[in-house]
Amino acid sequence: MSSDFIREIVTADNASGKHGGRVATRFPPEPNGYLHIGHAKAMCLNFGVARDFSGTCNLRFDDTNPVKEDVEYVESILEDVTWLGFKWDHDAPLYASDYFEWLYERAVELIGKGLAYVDSLTADEMREYRGTLTAPGKNSPYRDRSVDENLDLFRRMRAGEFPDGAQVLRAKIDMASPNINMRDPVLYRIRHAHHHRTGDAWCIYPMYDYAHPLSDALEKITHSLCTLEYEAHRPLYDWLIAHATVPASPQQIEFARLNLTYTVMSKRKLLQLVNEKHVSGWDDPRMPTISGLRRRGFTPEAIRRFCDEIGVAKRENVIDVGLLEFCVREDLNKRAPRAMAVLRPLKIVLENYPEGQSEAMEVVNHPDDPSAGTRKVPFSREIYIERDDFLEDPPKKFFRLAPGREVRLRNAYLVTCREAVKNAAGEITELRCTYDPATRGGDAPDGRKVKATLHWVSAAHAVDAEVRLYDRLFSVENPGAGDADFLAQMNPHSLERVAGAKVEPSLAARPAGDRVQFERLGYFAVDKDSTAARPVFNRTVTLKDSYQVRG
RNA sequence: UGGGACGUCGUUCAACGGUAGGACAGCAGACUCUGACUCUGCUUAUUGGGGUUCGAAUCCCUGCGUCCCAGCCA
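Residue numbers (my numbering): 1 to 551.
These are computed hints drawn from the structure, not numbers from a lab.
Just to be clear, a hint being listed does not mean it is correct.
As the list claims (entries may be wrong) - Straight-line C-alpha distance at most 27 angstroms; calculated DSSO-like pairs for lysine-lysine:
#, residue 1, residue 2
1, Lys314, Lys267
2, Lys449, Lys396
3, Lys422, Lys397
4, Lys397, Lys451
5, Lys528, Lys269
6, Lys269, Lys68
7, Lys277, Lys528
8, Lys113, Lys138
9, Lys334, Lys528
10, Lys347, Lys449
11, Lys113, Lys172
12, Lys347, Lys376
13, Lys277, Lys267
14, Lys220, Lys113
15, Lys267, Lys87
16, Lys396, Lys422
17, Lys347, Lys397
18, Lys397, Lys269
19, Lys347, Lys422
20, Lys220, Lys87
21, Lys18, Lys68
22, Lys396, Lys451
23, Lys138, Lys172
24, Lys347, Lys314
25, Lys376, Lys334
All chains should be modelled from the sequences, with the hints used to inform the complete structure.
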């Protein structure tokens with residue numbers, strides 16, 4: 001079992017009997033956007049801790065801000081959590097909005113205890129009264145309203161007697177606190193807005209700082225794991241747990257969120273990319289969203305493995321996106337069947353191969369997994385190879401095809417290049433080659449070695465396909481750093497559509513989401529835009545390539 | 001300049017007073033019908049300065065650096 005400082009705390013708490021040996025966590029997304037790889041880290045932690053300690057983990061939507069939330073997001077989150085392989089406790093997911101009535105009663109309780117009051121300051125005035133980081137705030141003139149008056153005002157807030165922003169409910173703590181979050185934080189605000197679950201039942205909505213600790217307590221969460229930016233909110237979290245009547249005392253523990261090189265992770269920026277159409281949607285394969293990674297061809301296992309590798313700590317971190325790529329490669333190498341596809345075709349004519357003849361080569365589907373079986377791949381007189389695999393005037397370390405040179409066509413024959421045919425513009429249009437009939441299957445009976453093995457597709461049998469090559473969405477390591485405009489730092493080459501790819505027949509009519517390795521090129525996944533007549537493949541990730549001379 | 005947190009190979013996680021270790025990346029080699037995979041080897045780190053101790057990444061003091069907080073967002 002992987003360990004980290006949080007699991008150490010849980011272990012210690014279990015040893016001391018702090019929560020009666022019980023472990024309960026929760027994953028609390030706000031349905032205001034799609035989940036991304038950073039959420040995957042949080043899920044692996046929360047569901048993982050629950051699993052490791054035989055505890056429970058709730059999925060709870062933190063749906064306390066109706067103006068930003070939507071059922072579309074709820075549905076996508078449910079799908080992503082499930083796809084990643086996590087199962088929440090309770091049959092149905094939980095919603096903070098289901099607790100609105102109870103939360104309201106807790107607010108009434110706090111008012112009754114003289115610990116909360118209705119403030120009539122405007123937002124601007126409140127900001128002034130709050131003071132600054134270095135100067136204390138001052139009390140609102142409404143701070144000392146009587147309990148009865150506060151109760152009446154709060155009831156009328158709920159009843160809809162005031163417009164948005166006219167009143168707020170505030171905790172009465174300390175306007176001089178060095179922690180700004182403790183300077184009478186807002187607990188409830190008025191929003192005459194339609195909520196995606198409660199409809200128009202409410203026009204006051206609890207703030208995160210109020211709803212979160214109380215919801216945790218209601219669900220008897222033992223360890224409330226959240227990211228570092230909530231550290232300064234913990235005193236308020238504890239204050240609410242201490243002063244409201246709640247059935248449990250959860251403990252908030254903060255860890256560092258995930259950052260990835262060459263990507264943005266903030267929901268605000270991801271939303272902007274989608275809204276302004278810089279990407280095709282939340283599930284654009286270049287997005288760090290779970291749905292984007294899924295469409296790109298990532299597996300849940302690869303993502304979970306990645307989360308294991310990066311660990312959990314309190315120090316701010318920026319993970320090399322190369323580690324994510326390593327994790328998919330490693331997983332896909334084991335499970336993806338192999339096939340041949342030519343992205344940029346260059347025709348070869350085998351002069352000594354009989355015209356009109358073809359044969360079916362028996363090819364293994366996975367070199368390391370015999371159970372994957374074999375398939376027949378058609379071979380004929382005219383075939384396509386990759387344009388990159390031929391050079392008329394090859395440099396020193398170029399092992400592939402060149403005039404007069406012999407290479408192997410994978411699983412087929414050894415062929416020798418006799419001539420490069422050019423058009424009037426001097427461009428190579430096709431290669432004239434000969435094959436050695438004695439090398440069927442790719443083995444030379446005389447034991448001679450060739451340095452290169454090329455992938456190929458029979459021209460007559462090839463299926464036309466579109467292949468989408470993805471690269472990092474941003475061209476700088478830390479987009480938006482400093483005063484930089486992250487949009488200006490987008491990589492103009494993050495998507496390259498290859499329209500004229502030729503793929504072997506077995507690659508036609510594969511279901512969307514199917515993953516395959518195109519030999520020597522990389523891992524690809526069938527896109528949802530794919531049709532039987534015209535398959536579309538997304539490149540998940542390239543194969544590692546130690547040939548560096550290409551430039 | 002108030003408060004809170006964090007500083008260990010290029011990146012990241014570990015070492016919990018007793019040999020600074022792993023992963024990724026990088027480099028070199030072996031193998032190979034994928035320049036993939038696999039295998040072998042190598043390079044590189046404790047934020048500075050004091051102190052405590054037989055012994056400090058770890059404890060104490062003091063600098064320095066980075067991040068978070070002044071939403072009726074989460």
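A quick look at each hint next to the structure:
{"no.": "1", "hint": "Lys314 to Lys267", "in the structure": "holds (21 angstroms)"}
{"no.": "2", "hint": "Lys449 to Lys396", "in the structure": "holds (18 angstroms)"}
{"no.": "3", "hint": "Lys422 to Lys397", "in the structure": "holds (25 angstroms)"}
{"no.": "4", "hint": "Lys397 to Lys451", "in the structure": "holds (11 angstroms)"}
{"no.": "5", "hint": "Lys528 to Lys269", "in the structure": "holds (25 angstroms)"}
{"no.": "6", "hint": "Lys269 to Lys68", "in the structure": "holds (15 angstroms)"}
{"no.": "7", "hint": "Lys277 to Lys528", "in the structure": "holds (19 angstroms)"}
{"no.": "8", "hint": "Lys113 to Lys138", "in the structure": "holds (22 angstroms)"}
{"no.": "9", "hint": "Lys334 to Lys528", "in the structure": "holds (24 angstroms)"}
{"no.": "10", "hint": "Lys347 to Lys449", "in the structure": "holds (24 angstroms)"}
{"no.": "11", "hint": "Lys113 to Lys172", "in the structure": "holds (10 angstroms)"}
{"no.": "12", "hint": "Lys347 to Lys376", "in the structure": "holds (21 angstroms)"}
{"no.": "13", "hint": "Lys277 to Lys267", "in the structure": "holds (15 angstroms)"}
{"no.": "14", "hint": "Lys220 to Lys113", "in the structure": "holds (23 angstroms)"}
{"no.": "15", "hint": "Lys267 to Lys87", "in the structure": "holds (24 angstroms)"}
{"no.": "16", "hint": "Lys396 to Lys422", "in the structure": "holds (24 angstroms)"}
{"no.": "17", "hint": "Lys347 to Lys397", "in the structure": "holds (24 angstroms)"}
{"no.": "18", "hint": "Lys397 to Lys269", "in the structure": "violated (44 angstroms)"}
{"no.": "19", "hint": "Lys347 to Lys422", "in the structure": "holds (12 angstroms)"}
{"no.": "20", "hint": "Lys220 to Lys87", "in the structure": "holds (18 angstroms)"}
{"no.": "21", "hint": "Lys18 to Lys68", "in the structure": "violated (37 angstroms)"}
{"no.": "22", "hint": "Lys396 to Lys451", "in the structure": "holds (13 angstroms)"}
{"no.": "23", "hint": "Lys138 to Lys172", "in the structure": "holds (12 angstroms)"}
{"no.": "24", "hint": "Lys347 to Lys314", "in the structure": "violated (56 angstroms)"}
{"no.": "25", "hint": "Lys376 to Lys334", "in the structure": "holds (22 angstroms)"}
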